[in-house]
Amino acid sequence: MKEIVSVSLENDMDLILAHKRVMKVCELTGFSLIIQTSIATAISEIARCAIEHGEGASLKLGIDGTATRKYLVARIEDSIDFSLKCQEALNYAKRLVGNIEVIKTPKGIQIMMKHLLNFSGTFTPGKIDSYADYFKNEPAISPYDELRRKNLLLQEFADKIRDSEDDYRTLTDSLPLMMFTLNNRGQLTYSNKWIEQFLGIPPKEITAAAWQNIVHPDDYATFNRAVTAALQKATPLKGQYRLKEKGSGNFVWHMITALPLKNEKDAQVKWMGFMVDIDAHRLAEKTLKDNMDLKEVQEKLFENQQELQTKIVELNRSNYELEQFAHLATHDLQEPLRKLFFYADALKTKYHDKFDASGLNMLKNMTNAVSRMKELITDLLNYSQLHQQKLDFNPVDLNVTVQDILKDFEITIQEKRALFDIGPLPLVNGHALRLRQLFSNLISNALKYSKKEVVPHIQISVSQTDEKFVFLVKDNGIGFEPQYKDRIFGLFERLHTRDQFPGTGIGLSICKRIVELHHGHISATAVPGEYSAFEIELPMAAVVN
Numbered sequence: 005m006k007e008i009v010s011v012s013l014e015n016d017m018d019l020i021l022a023h024k025r026v027m028k029v030c031e032l033t034g035f036s037l038i039i040q041t042s043i044a045t046a047i048s049e050i051a052r053c054a055i056e057h058g059e060g061a062s063l064k065l066g067i068d069g070t071a072t073r074k075y076l077v078a079r080i081e082d083s084i085d086f087s088l089k090c091q092e093a094l095n096y097a098k099r100l101v102g103n104i105e106v107i108k109t110p111k112g113i114q115i116m117m118k119h120l121l122n123f124s125g126t127f128t129p130g131k132i133d134s135y136a137d138y139f140k141n142e143p144a145i146s147p148y149d150e151l152r153r154k155n156l157l158l159q160e161f162a163d164k165i166r167d168s169e170d171d172y173r174t175l176t177d178s179l180p181l182m183m184f185t186l187n188n189r190g191q192l193t194y195s196n197k198w199i200e201q202f203l204g205i206p207p208k209e210i211t212a213a214a215w216q217n218i219v220h221p222d223d224y225a226t227f228n229r230a231v232t233a234a235l236q237k238a239t240p241l242k243g244q245y246r247l248k249e250k251g252s253g254n255f256v257w258h259m260i261t262a263l264p265l266k267n268e269k270d271a272q273v274k275w276m277g278f279m280v281d282i283d284a285h286r287l288a289e290k291t292l293k294d295n296m297d298l299k300e301v302q303e304k305l306f307e308n309q310q311e312l313q314t315k316i317v318e319l320n321r322s323n324y325e326l327e328q329f330a331h332l333a334t335h336d337l338q339e340p341l342r343k344l345f346f347y348a349d350a351l352k353t354k355y356h357d358k359f360d361a362s363g364l365n366m367l368k369n370m371t372n373a374v375s376r377m378k379e380l381i382t383d384l385l386n387y388s389q390l391h392q393q394k395l396d397f398n399p400v401d402l403n404v405t406v407q408d409i410l411k412d413f414e415i416t417i418q419e420k421r422a423l424f425d426i427g428p429l430p431l432v433n434g435h436a437l438r439l440r441q442l443f444s445n446l447i448s449n450a451l452k453y454s455k456k457e458v459v460p461h462i463q464i465s466v467s468q469t470d471e472k473f474v475f476l477v478k479d480n481g482i483g484f485e486p487q488y489k490d491r492i493f494g495l496f497e498r499l500h501t502r503d504q505f506p507g508t509g510i511g512l513s514i515c516k517r518i519v520e521l522h523h524g525h526i527s528a529t530a531v532p533g534e535y536s537a538f539e540i541e542l543p544m545a546a547v548v549n
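Here the sequence shown stands for residues 5 to 549, numbered as in this note's numbering.
No wet-lab data here; the hints were simulated from the structure. The C-beta atom is built at its ideal place from N, Cα and C for all residues, glycine as well. A few of these clues could be false.
Claimed, not checked - Label pairs and their calculated CB-CB ranges:
no.	residue 1	residue 2	range
1	ASN308	LYS242	42 to 48 Å
2	LEU88	ASP137	34 to 40 Å
3	ALA284	ASN95	28 to 34 Å
4	LEU305	GLN407	50 to 56 Å
5	LYS489	LYS343	37 to 43 Å
6	ASN433	ASP408	15 to 21 Å
7	ASP360	GLU457	35 to 41 Å
8	PRO543	GLN313	24 to 30 Å
9	THR72	GLN487	55 to 61 Å
10	GLU268	ASP137	25 to 31 Å
11	PRO543	ASP349	27 to 33 Å
Based on the sequences and whatever the hints tell you, model everything.
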C-alpha cells in the first residue's frame, strides 16, 4: 500500500480528525458524497472501538492495487486484539462498505477496508504523492487544534508587540482569525482586518447594541448573559455562537474567546480575544450524530426486514396449504360428480317413458348443473396446478400449436363459418402444454363472444421490438367496456350471465398465470360492439431464433 496520511487514535478529537481525513481522501479520489459518508462512517465505527478498547491504535489511508485495478485502503492497527469487543461495529461497518477483513498477526491486529476506485489508471504514483503532500502542508484540521495553536502564538507575541501598535496590527492581520481588544466597559478598542471583512461593519460602529444584529437571534440571549457576567467578574469568556457574514447573509458558527489582561500591578486593564470559524467542526459533529441516528434507523429497518421475511415464510406456507386443499378438493369432488352424471344418464336412458315433460326437464337441468360443476372443478384444478408446478421449457413451434387448436374447434368453426388470419409465428422457448392452453382459451373466447349473424373474423399476429415479441389475438366480436380491461383477468370474473354465454370465469385467469410463468405480460383492449384484442408480451430471451 502507498500511504497517503495516517492518524493516531487516542481520544475523541482524534476520532473527529480521522473522520475528516477519510472524507477528504475520498473526495480527492473521486468518490460521491454518499460513498464518502458510508466509508467515513464505517471507519469511524471501528476507530471508536479502537480508541475505547485498543492501546495506541493508528489509522493509515492509502492506495493499493495493479495498474488497471486500484483500491482505496484504510488500515487500523493496534498491538492488542480489540476486535472481539467490536463485533457490532464490525458488522455495521460491513453493511456500509462490505469489503472489510480482520487480520491477526503476532504483532497485534490489522483491520483492512478496501473500496474499488473509479478510473484506476488515472491514479499514477505522482498523483498519489500529491495527495500525501496535500496533508503534509495542510493547515490545522480541527478548530480546537487551530484555537490551541493560535492561543500559543497570541501569548508568545503579545508580550513582544505590546509597545508596537503597527507591528501588532501587521501580525494580527496576517493570522487567519478575527482578533480584538475590549476595554473594561466592553467597548471594542482594536480589531484586525478580518473582523471588518467578515462582519462588514467598521470597528467603531461595533457597539454593544450592534451585537444584537450580528449574533443569531437564537444565540443572542445566551451571548449577552455570558458577556455581562465576564465583564462583571473579570473571568474569561468562552462560547460558541453563530455570527452573520455580511457577504452571504449566512450565520456561521464561531468559537469566541476573550481573556482578561492585567498590568504589572495585577490590575485588570483590558480584554483580548479572538473568534475562530468552527462551522466545519459543527457540521462534522452533526454528521456524526446523523450517522448515529442513521445507524438506529438501519437497525430498525433490519428488524422490520426480518419480521417481513418471517411473514413471507408464513404466507408461502399458507398458500401452499391452500393449493394443496384446492387440489385435493377438486380431485375428491370428481368421483361423486361422475356418479351423478352416470345415474342421471341412466335414468334418462332406462326410465325415459316413466317421466312426464316436467320430470324430463328437471333431469335435463340436473345434468346441465353437473356438467357445469365438472367444468368448474376442471378449471379450478388447472388453475391450482399452475400455482404449484415449475414449468420445464423447451422449443415450441407456435405455428403447429395454433393449427392443432383449430382442429380441436373444427366443428364450432364450421358452424360459425369463422375466418382466421394467422401470420407466421416464431419458435418459442416455453412449456408446450401451457402455451397450447393459453392460445386455446383466447381462440375459444373469440369464437364464444362473436356477434350473432356476423361471421367471426379472428386475427393472430406477432411483432418484434428490441427486447420482446408481442403477440396479438384480435376478433370482431361483442367487445367489452374499457373499464373492465383489468377486471376480466380476475378469478371467477364474468361480464355476462351463464344464460348469455356459458363458462366458469376462470379461463382468462389461467391465461394470465401462464403468461407470468413465461416471464411475460398480458393485457386487453376492446370497443363495445366492435372488437376485443389480447396482447401477449414475451421477452426476447424466451424466444429461440
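State, for the Cβ atoms of ASN433 and ASP408, whether the hinted interval 15 to 21 Å holds or is violated.
At 19 Å between Cβs, range holds.
Is it true that the C-beta distance of PRO543 to ASP349 lies inside 27 to 33 Å, as the hint says?
violated (48 Å)
Satisfaction of the hinted span 24 to 30 Å by the C-beta atoms belonging to PRO543 and GLN313:
holds (28 Å)
LEU305 versus GLN407 beta-carbon gap, inside 50 to 56 Å or not
holds (55 Å)
Do the Cβ positions of ASN308 and LYS242 conform to the proposed distance bound of 42 to 48 Å?
holds (45 Å)
GLU268 versus ASP137 beta-carbon gap, inside 25 to 31 Å or not
violated (47 Å)
Range hint 34 to 40 Å (beta carbons of LEU88 and ASP137) holds or violated:
holds (38 Å)
Between ALA284 and ASN95, does the C-beta distance stay in 28 to 34 Å?
holds (30 Å)
Check the following: the C-beta atoms of ASP360 and GLU457 are separated by a distance inside 35 to 41 Å.
holds (36 Å)
Starting from the hint 37 to 43 Å, judge whether the C-beta atoms of LYS489 and LYS343 obey it.
holds (41 Å)
For the range 55 to 61 Å, tell me whether the beta carbons of THR72 and GLN487 fit it or not.
Since the Cβ atoms of THR72 and GLN487 sit about 58 Å apart, the hinted range of 55 to 61 Å holds.
Hint check: violations occur at hints 10, 11; the rest are consistent with the structure.
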